[in-house]
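Colleague: Below, each chain spelled out in residue letters.
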Amino acid sequence: MAQVVAGIACSHVPFMVSPKNWERLNAGERANLRAGFDRARQILEAARPDVLITFADDHFDRCFYDNLPAFLVGVGETARGPAVADFGLPQVSVPIQSDLARFIVTEGLERGVDFAFSEELALDHAEMAPMVHLTPRWDIPIIPIVVNAFAPPMPSLQRCFDVGAFVGGCVERWPGNQRVAFLGTGGLSHWVGPPETGRINAEFDRWFLERLTRREIAEITTRYARHADLEAVAGNGGQEIRDWLAVAGAMPSRLRPQVLAYEPLQAWFTGTGIMSWSAI
Amino acid sequence: MSRYQVDKLLRDLRRDPDLAGRFRENIDAVLADYELDSAEHELLKRWQIRELYDRGVNPLLLLLAHGTTGRSMRDYAELMKPRNRPNGG
Chain A
11 MAQVVAGIAC SHVPFMVSPK NWERLNAGER ANLRAGFDRA RQILEAARPD
61 VLITFADDHF DRCFYDNLPA FLVGVGETAR GPAVADFGLP QVSVPIQSDL
111 ARFIVTEGLE RGVDFAFSEE LALDHAEMAP MVHLTPRWDI PIIPIVVNAF
161 APPMPSLQRC FDVGAFVGGC VERWPGNQRV AFLGTGGLSH WVGPPETGRI
211 NAEFDRWFLE RLTRREIAEI TTRYARHADL EAVAGNGGQE IRDWLAVAGA
261 MPSRLRPQVL AYEPLQAWFT GTGIMSWSAI
Chain B
345 MSRYQVDKLL RDLRRDPDLA GRFRENIDAV LADYELDSAE HELLKRWQIR
395 ELYDRGVNPL LLLLAHGTTG RSMRDYAELM KPRNRPNGG
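These protein sequences, in sequence, are chains A and B. Going by the numbering used here, the first residue of the first sequence is number 11, and it counts up by one from there. Going by the numbering used here, the first residue of the second sequence is number 345, and it counts up by one from there.
Just chain A, same shape as in the assembly (with noise of 0.2 Å):
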């Protein structure tokens, strides 16, 4: 059988890509960042993943209103990006394990989670940007997981967590005997557009990664069942703490949470974190 090895999550702010975006950052800011991507390439690499599932929202560039579903599986041969160039993103194609991505869409319409699927779905920064740190080579076979976190109405918080649940149940059923592990993209506070543009809530940033390393899962899924509550102390871009979420629950308990890294980043408009969940 298919097993979990490992899970990263990340903020997915497209200016991590560009070098002279980081000198924008303050010497601490820059080293603790820095070491916080490192640790998880590390902890990736020493998990040996065969397949890396990936969790993570869209900015417009590949669904929108006439057209957008919750759940969006890509289940083609291959994943190429970004969808629209732009933050000096490399042009990457990355073959998807296609025969684990089918078997997830068919066991989730068999047993209640209705995924839509796409033969044809390219990247976005919010999976490009971390793996230009944590997957530099792009050679470990994808499934990407587009989760709508950034279009209202939205699927709840406690649903995300449920679906990265069934995927993580869906590996451990596969007959396969790969390795995968997760990627999950997106937060923590940030206002993207609104006229709170370039405000952060440390406060929510902390709170919400403490809650995750004491898998205190139910405590943002409730505080936070309303998408409105959510915005108002996380912003627009807060809401993709739903990719977190997901692989938080797609994470059997054999791995450990911890957090990597936390940065509310002024000169990139965003609260910044990493966190891993390893046998490591």
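Quick caveat, the hints were computed from the structure, so don't treat them as lab data. As the structure is a prediction and not an experimental result, all values here were calculated from the model. The C-beta atom is built at its ideal place from N, Cα and C for all residues, glycine as well. Some hints here could point you the wrong way.
Here are the simulated distance ranges between beta carbons [as the list claims (entries may be wrong)]:
#1 B:S346 - A:V269: 31 to 37 Å
#2 B:G411 - A:P162: 20 to 26 Å
#3 B:D372 - A:V269: 51 to 57 Å
#4 B:R366 - A:D96: 19 to 25 Å
#5 A:E226 - B:A373: 51 to 57 Å
#6 A:A95 - B:R366: 18 to 24 Å
#7 A:T88 - B:R418: 38 to 44 Å
#8 A:P100 - B:Q349: 15 to 21 Å
#9 A:Q52 - B:A373: 51 to 57 Å
From chain A, some residues computed to sit far from chain B (all C-beta separations above 10 Å) [claimed, not checked]:
#10 R44
#11 Y75
#12 T88
#13 A161
#14 F176
#15 I227
#16 T231
Now the stretches of chain A that chain B is said to cover, found in silico as 3 or more residues with beta-carbon under 8 Å [unchecked claim]:
#17 62–73
#18 202–215
Since the structure of chain A is provided, determine the placement of chain B on it from the hints.
Modeller: Leaving out everything else, chain B in the frame of chain A:
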């Protein structure tokens, strides 16, 4: 208000550099291709993004489209202030 049509235009500006170029040069011709009411037409023509936001237009789309109009981020912050709403806000 046909909010969807405004969101769609903003999405298209982000995806289509040629459209963004025409939007800068001949905005009325571009707006004519979308099912906008007269208020939306004027708000887009005058780039009154705070009013569009207050009417429920998606702020992420507003920000992404703002860059394609040739305006700066500083302009964006300024335009989002309440005093830049029509009639004083």
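Colleague: The structure should be examined with respect to each hint, and the outcome stated for every one.
Modeller: Do the hints match the structure? See the list:
1. B:S346 - A:V269: 31 to 37 Å: violated (45 Å)
2. B:G411 - A:P162: 20 to 26 Å: For G411 of chain B and P162 of chain A the Cβ distance comes to about 23 Å; the hint holds.
3. B:D372 - A:V269: 51 to 57 Å: Check passed, 52 Å falls within 51 to 57 Å.
4. B:R366 - A:D96: 19 to 25 Å: Once the Cβ atoms are compared, 20 Å apart, the range 19 to 25 Å for D96 of chain A and R366 of chain B holds.
5. A:E226 - B:A373: 51 to 57 Å: The hint (51 to 57 Å, Cβ to Cβ) holds, given that E226 of chain A and A373 of chain B are roughly 55 Å apart.
6. A:A95 - B:R366: 18 to 24 Å: holds (20 Å)
7. A:T88 - B:R418: 38 to 44 Å: holds (40 Å)
8. A:P100 - B:Q349: 15 to 21 Å: violated (35 Å)
9. A:Q52 - B:A373: 51 to 57 Å: With a Cβ separation near 55 Å, Q52 of chain A and A373 of chain B satisfy 51 to 57 Å, so the hint holds.
10. R44: Fine: 26 Å to the nearest Cβ keeps R44 of chain A off the interface.
11. Y75: violated (6 Å)
12. T88: Non-interface label stands for T88 of chain A: nearest chain B Cβ at 21 Å, farther than 10 Å.
13. A161: violated (7 Å)
14. F176: F176 of chain A is indeed farther than 10 Å from all Cβ atoms of chain B, at 28 Å.
15. I227: holds (27 Å)
16. T231: holds (24 Å)
17. 62–73: Since 3 is at least three, the answer is holds.
18. 202–215: With 6 residues close enough to chain B, the hint holds.
Hint compliance for this structure: hints 1, 8, 11 and 13 are not met, and every other hint is.
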